[in-house]
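Just need the whole structure built from these sequences, with the hints factored in.
There are 2 protein chains.
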Amino acid sequence: MAIHTTAHTALIEALTARLGPGSVLTEAGDIGGHLVESRGLYRGEALAVVRPRDRDEVAFVVGECARAGIAVVPQGGNTGLVGGSVPYGGIVLSLDRLQTIREVDPVNATMTVEAGCILKSVHEAADRVGYFFPLSLPSEGSCRIGGNLATNAGGTAVLRYGNMRELTLGLEVVLADGRIWNGLKGLRKDNTGYDLRDLFIGSEGTLGIITAAVLKLFPKPQARGTAFIGCTSPHQALKLFERLRDGAGDQLTAFEYMTDFGLEIVLRHRPAAVRPFAGRHPSYALVELSSAQRDADLQSPLEAILGSALEEGLIEDAVIGASGAQSAALWALREELSEVQRLEGGSIKHDVAVPVSRVAEFIDAASGACEAAMPGIRVCAFGHFGDGNIHFNLSQPVGMDKSAYLAEWERFNRIVHDIVHRMNGSISAEHGIGLIKRDELPLYKDPVALDLMRSLKQTLDPRNILNPGKVIAIGAVGPAAFFTAGQP
Amino acid sequence: MAIHTTAHTALIEALTARLGPGSVLTEAGDIGGHLVESRGLYRGEALAVVRPRDRDEVAFVVGECARAGIAVVPQGGNTGLVGGSVPYGGIVLSLDRLQTIREVDPVNATMTVEAGCILKSVHEAADRVGYFFPLSLPSEGSCRIGGNLATNAGGTAVLRYGNMRELTLGLEVVLADGRIWNGLKGLRKDNTGYDLRDLFIGSEGTLGIITAAVLKLFPKPQARGTAFIGCTSPHQALKLFERLRDGAGDQLTAFEYMTDFGLEIVLRHRPAAVRPFAGRHPSYALVELSSAQRDADLQSPLEAILGSALEEGLIEDAVIGASGAQSAALWALREELSEVQRLEGGSIKHDVAVPVSRVAEFIDAASGACEAAMPGIRVCAFGHFGDGNIHFNLSQPVGMDKSAYLAEWERFNRIVHDIVHRMNGSISAEHGIGLIKRDELPLYKDPVALDLMRSLKQTLDPRNILNPGKVIAIGAVGPAAFFTAGQP
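Sequence order for the protein chains is A and S. Our numbering puts the first residue of the first sequence at 29, with every later residue one more than the last. Our numbering puts the first residue of the second sequence at 29, with every later residue one more than the last.
Some hints here could point you the wrong way.
A pair counts as met if it fits within one copy or between any two copies, since identical chains are not told apart.
[Claimed, not checked] With a straight-line Cα cutoff of 25 angstroms, these simulated BS3-like cross-link-like pairs (lysine-lysine) come out:
id, residue 1, residue 2
1, K248, K267
2, K267, K244
3, K244, K473
4, K377, K430
5, K148, K248
6, K430, K148
7, K377, K473
8, K148, K244
Because the hints were derived from the structure by calculation, they are not lab data.
The structure is reproduced here in structure tokens:
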């Protein structure tokens with residue numbers, strides 16, 4: 029429990045006076061869900077959870093906290109995977125009530141939405157005007173746009189459409205002193221000074237509180253072609269990727285990867301899952317072509333490219349979804365994989381990226397190193413192969429004690445991240461730094477970059493009140509960055 | 029002529045000692061071309077033009093200037109249109125010798141190039157490995173990648189591929205104190221901290237000196253379809269744009285616009301130019317579909333969409349290029365327009381953007397306001413309609429004195445930019461701020477944004493030595509921002 033001071037009491041009173049008691053929650057029963065990370069890796073504490081209704085209330089809250097020198101930890105759907113939204117003192121600023129879709133402009137192909145909108149509701153609003161918002165994540169039913177922006181979210185559509193950064197044109201942000209920056213422009217071109225937008229996107233709530241954004245919409249895909257392919261190795265999968273990119277161009281909208289171990293555990297734990305073809309293969313690719321043209325024929329190019337790849341021995345087997353239901357069943361094999369890993373015991377996780385040209389080499393090198401470091405460890409490498417982004421997860425050896433296994437987390441981080449670093453890669457491709465990778469970042473990040481980050485933080489948040497202790501440690505940093513609670 | 033102090037002499041000696049006399053030019057005959065803006069709007073002065081050979085020499089030069097407190101004005105091809113690379117004291121740092129293509133990685137679809145590479149040579153290097161780098165500008169034979177990055181260059185391919193920002197994955201930058209930030213990563217996903225890359229891109233050399241970049245490559249378009257279309261108004265053109273975007277999706281790679289006046293002056297001054305069809309129309313669109321698929325049929329969708337638009341009276345006339353030569357002739361009508369305007373006397377220029385949904389309304393409103401403000405003025409609105417980016421240029425009334433006309437520059441800026449501002453647009457879509465719009469920017473930019481820009485400049489360049497007086501005025505700002513020299 030936090031120790032309340034007079035300053036705390038005065039702040040809570042001031043916030044309650046302006047927002048009303050229903051917007052300033054302090055009872056343990058009301059705020060408990062806001063204090064924990066979604067997987068239970070971290071548990072924090074807060075004076076209150078504050079739920080402003082609009083941008084001006086957000087600005088008021090931040091301004092009051094700035095004056096009192098009290099930390100503000102912003103939360104959207106609280107679905108992040110790096111401990112970035114767990115409070116250690118101060119208040120939780122929940123954006124969940126800022127749910128207005130302020131404007132939809134189909135001719136400009138943009139939508140202006142508030143930070144608390146749930147991603148799925150943005151999908152639906154785009155759909156209602158005949159458009160498509162591409163960001164797609166497992167948590168899309170509960171994650172919120174503000175969190176997607178704060179973490180520069182990725183997902184399965186990055187290959188064609190880019191990360192959240194590339195999907196955003198303008199922002200509205202409450203700064204650390206409570207001022208509001210209005211950068212809500214829906215322009216494809218604007219060279220009037222420094223790019224403030226991209227400074228806030230991906231800053232995990234440490235530089236400002238994003239309250240609204242202008243998002244790009246796209247013509248709705250009218251035709252899709254999906255295939256599941258068996259390969260002997262990630263090197264074969266990489267050759268197939270090149271073949272598809274060069275042959276299908278922009279129509280290639282997904283190229284996902286999984287291993288034989290990954291497919292087998294999906295089939296083991298999901299009775300509804302159907303084996304795509306009889307044989308087993310060391311590596312699998314899930315491929316999607318799509319087009320905004322209503323009558324586009326995607327089966328033919330898929331058949332042609334996969335057919336010649338089979339003939340040449342570049343791939344071992346392939347199945348093309350003959351119907352929407354079949355395609356959905358192929359996608360389900362990939363989507364279920366995130367969830368079923370926990371049914372195989374402890375999992376040590378990495379979210380890494382390397383240049384696409386080195387992704388097969390990375391999978392081989394890291395798998396070999398981990399298997400050598402612990403016989404029986406089961407590599408579950410999967411994810412966004414076409415972006416060079418692999419979720420390199422390691423399931424525990426069968427029969428090993430789970431907590432003994434998880435105690436090896438940092439050792440395997442070193443093994444995997446050292447290989448990533450040698451390949452000029454990233455130790456956090458799409459999840460961010462938060463708390464879980466904060467103290468690891470200096471091992472791999474260019475020291476000049478770290479110094480610039482520190483300078484930017486001090487410039488934009490000189491009192492260090494915005495999500496303090498996340499991303500970079502400045503001053504008093506709260507808890508040790510690495511969790512000790514173990515996994516659920 | 030600048031007054032040389034002991035500090036200046038010591039600096040020149042130190043630079044000469046390290047780089048050699050051939051790299052530190054001080055004779056008027058050697059440096060004259062580096063002191064003027066490409067159209068002659070500005071003429072500055074400099075102690076020397078310094079031509080380092082590599083990144084480490086750049087770092088040395090900037091470090092020495094930082095210690096001496098002497099300004100560094102970076103130059104690439106010196107083709108900018110806003111006076112951003114004109115020196116007012118200090119040294120010119122020419123990046124023209126940093127021309128190494130450090131790496132080409134076709135599998136990652138990236139190329140690592142130094143800042144002094146000419147854009148055209150980057151096109152050619154991409155072509156040699158079967159890829160395509162999309163940035164396309166009139167000055168591509170002489171502009172350099174460093175300048176393209178510093179100004180976040182745009183051009184005719186933004187509709188499909190984005191600005192220079194969207195074409196860049198990593199950067200290497202020499203900071204104001206001479207340190208080097210190595211951010212040369214070729215990753216599609218990297219969420220390890222704040223986005224430094226986009227802070228430097230578009231900062232016009234005022235926050236750091238970009239020495240190299242990792243650029244994205246794309247599958248080469250294998251098929252193209254080009255059409256030239258006559259419309260009764262920009263509103264018709266906008267409806268056509270929507271129709272094409274929704275029907276052709278990603279295949280729509282250009283949607284350019286020009287007026288009857290624009291086409292007529294091209295035909296008047298370019299004897300080789302061919303009228304696309306017999307009749308004249310108030311507005312014209314130049315449209316391109318392209319595809320990376322070798323056998324893609326782009327004529328059929330173009331014919332289908334334009335055919336039904338003609339039937340419905342949405343457009344007045346259209347011609348589809350039946351051969352590569354015919355398509356090139358249609359493109360030439362648009363490309364020549366930039367150049368021929370000067371043959372019609374004085375031209376008051378604006379490079380603006382509005383949401384695409386308001387681009388027709390903007391053209392109408394601004395044309396009406398300017399024609400009312402000066403009877404006989406000839407509106408030459410043209411450009412990247414599909415991005416909402418219009419070069420809203422105003423040719424002088426026939427017979428008017430040119431300098432009397434150009435003396436009205438600021439009055440017309442107010443008229444046009446006030447309309448842009450009301451439409452939540454940008455007064456500099458793709459050219460930047462430089463000197464020419466620096467003192468106008470505070471009239472239209474959110475004051476909080478300006479304040480953030482000032483803070484960032486002070487953080488990254490506390491002594492104000494990097495391209496001082498450009499983009500934002502801090503401390504002693506050199507010349508008045510608005511030129512007085514008149515046009516060539």
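Could you check the structure against the hints above and give me the numbers of any it violates, in ascending order?
Hint 6 contradicted; others consistent.
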